[in-house]
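Take these sequences, add in the hints, and give me the full structure.
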Amino acid sequence: MAVVTDSIDMRTGGEVQMVDVTSQVQAAVSRSGLASGIVCVFNPGSTGALTTIEYEPGLERDMPEALERLFPKGIRYHHDDTWHDGNGHSHVRASMIGPSLAVPFTGGRLTLGTWQQIVFLELDNKAHQRSLVLQMVGE
Amino acid sequence: MAVVTDSIDMRTGGEVQMVDVTSQVQAAVSRSGLASGIVCVFNPGSTGALTTIEYEPGLERDMPEALERLFPKGIRYHHDDTWHDGNGHSHVRASMIGPSLAVPFTGGRLTLGTWQQIVFLELDNKAHQRSLVLQMVGE
Amino acid sequence: MAVVTDSIDMRTGGEVQMVDVTSQVQAAVSRSGLASGIVCVFNPGSTGALTTIEYEPGLERDMPEALERLFPKGIRYHHDDTWHDGNGHSHVRASMIGPSLAVPFTGGRLTLGTWQQIVFLELDNKAHQRSLVLQMVGE
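Chains as they are written, first to last, in the working numbering: chain H, 1 to 139; chain U, 1001 to 1139; chain Z, 2001 to 2139.
Keep in mind the hints are simulated off the structure, nothing from the lab.
These numbers come from a predicted model, not from an experiment.
No incorrect hints appear here.
The calculated lysine-lysine pairs, modelled on DSS-like cross-linking and capped at a C-alpha distance of 25 Å, are:
| # | chain 1 | residue 1 | chain 2 | residue 2 |
| --- | --- | --- | --- | --- |
| 1 | H | LYS73 | H | LYS126 |
| 2 | U | LYS1073 | Z | LYS2073 |
| 3 | Z | LYS2073 | Z | LYS2126 |
| 4 | U | LYS1073 | H | LYS73 |
| 5 | U | LYS1126 | U | LYS1073 |
| 6 | H | LYS73 | Z | LYS2073 |
Right, dumping it as C-alpha cells:
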C-alpha cells in the first residue's frame, strides 16, 4: 500500500469552461505504479468543480445553460459586498457541485464508463492558472 | 492495509428510480474482511448518480419532483443534437449530483446515520443494466 | 499505511447554518501522525451536507438564498406525509449537495486553497447535536 501525489496544471479561459482531464488522470495512475485503489481529484480553490460527464459539444453547452438557469449571474449576491469581483454565482455553483471527485482504479485503469469523462469545470468569471491535486491511495 | 474491489449489479427501470443499495454495500464491506477504512461507491456511466437519503416513499417522490423543477425534461438540450436520445436532462442531473460517494466504515460497519441510506439514482430515460464499482481501502 | 478515525462534535442552530470545520479537520490530520493521504469528512445523517466554500459573510447569506430559490420551503414535499416535521426541503437539499467530502493532505497539511474552507451545512429546520466522522487513510 502506498500514497502517491501528482497534479494537473492548466490554463483556463473563464466561465463556464469544461476541461476533459481523463487522460491526464489516467496517465498519473499509470505513472504511480499502483494497480488498484482510489484516486481523489481535488481543486484547491473555491470557484472550480470536479465531476464526470459525457464530454461532447452538446453537453458543453447544456451544463453552462443549466447553471445559468439555477444560479443566474444577473441577480444580487452578497459576496460582491465583500470583494466586488462579480463572481458570487461562481462560488455558489462550485460549492453545490463540489471540489472533489473520488474514482476507483483496478488493473491500473480508471473504472470509468465508455462515455464518461472526468471534467474540471472552470466556474470563475476570469481566466485562471489551475493546479489540480491527484491523491492516489492503493497497492 | 489492503484494497478490495467488489460490485453491485442491478436492473433498473428508468427515470427517476431510487435504489437502496445500503445492505449490499454493507455486505461487501463485511465480505472484504476489512475492519476500518473507506468504501468508494462509483457508477461507471454518465446518467446515474450516488448519494444518501432517508429512503422512504415521500422522498422517493420528492427527489424526482425537485429534479424536474430544476432540470426539466421538456426544454431544449443541445445533447440531443449529438445523439437524439432525449436524455440531455439525465446527463446534466447526473453531473450535478455526481457519480461517486465515499463512506467511512469502522468495526466492519458503515458509519451511516440511522435514517440514512446509500442510494443509486437511475436518471436515464430508459432501463439499464447497472454495475456499480465498490472500492474498499482499509485495514 | 494506516487508517485513523476521528470526529468533530458540534451543536448547530438550525437551517441554514454554515459551520467552518477546517481547523478541526486539520487538527485531526495533525493528530493522526499521517503525512500524506486522504481524509473523508462524513455526516452520518440525512439533513446535513459537506462541501468547501470561501467562508465569508456574503456567501453565508448567498448559499441559503440559492437553496431557498432552488428548493423552497413553502412548497409541498411528500416527505411530510411520512413524518409531518416540515423538513422535506432539508432532505432534498442534503441529498443534492452530498454527505461526504474527500480532501487530500500532503506533508501533514490539507491541500486546500487559500480562500477555501471545509464547511458543514446544517440544513435541518431544527438545532442538532452533530458528530462528523473523519476517516483518514494514509502513511
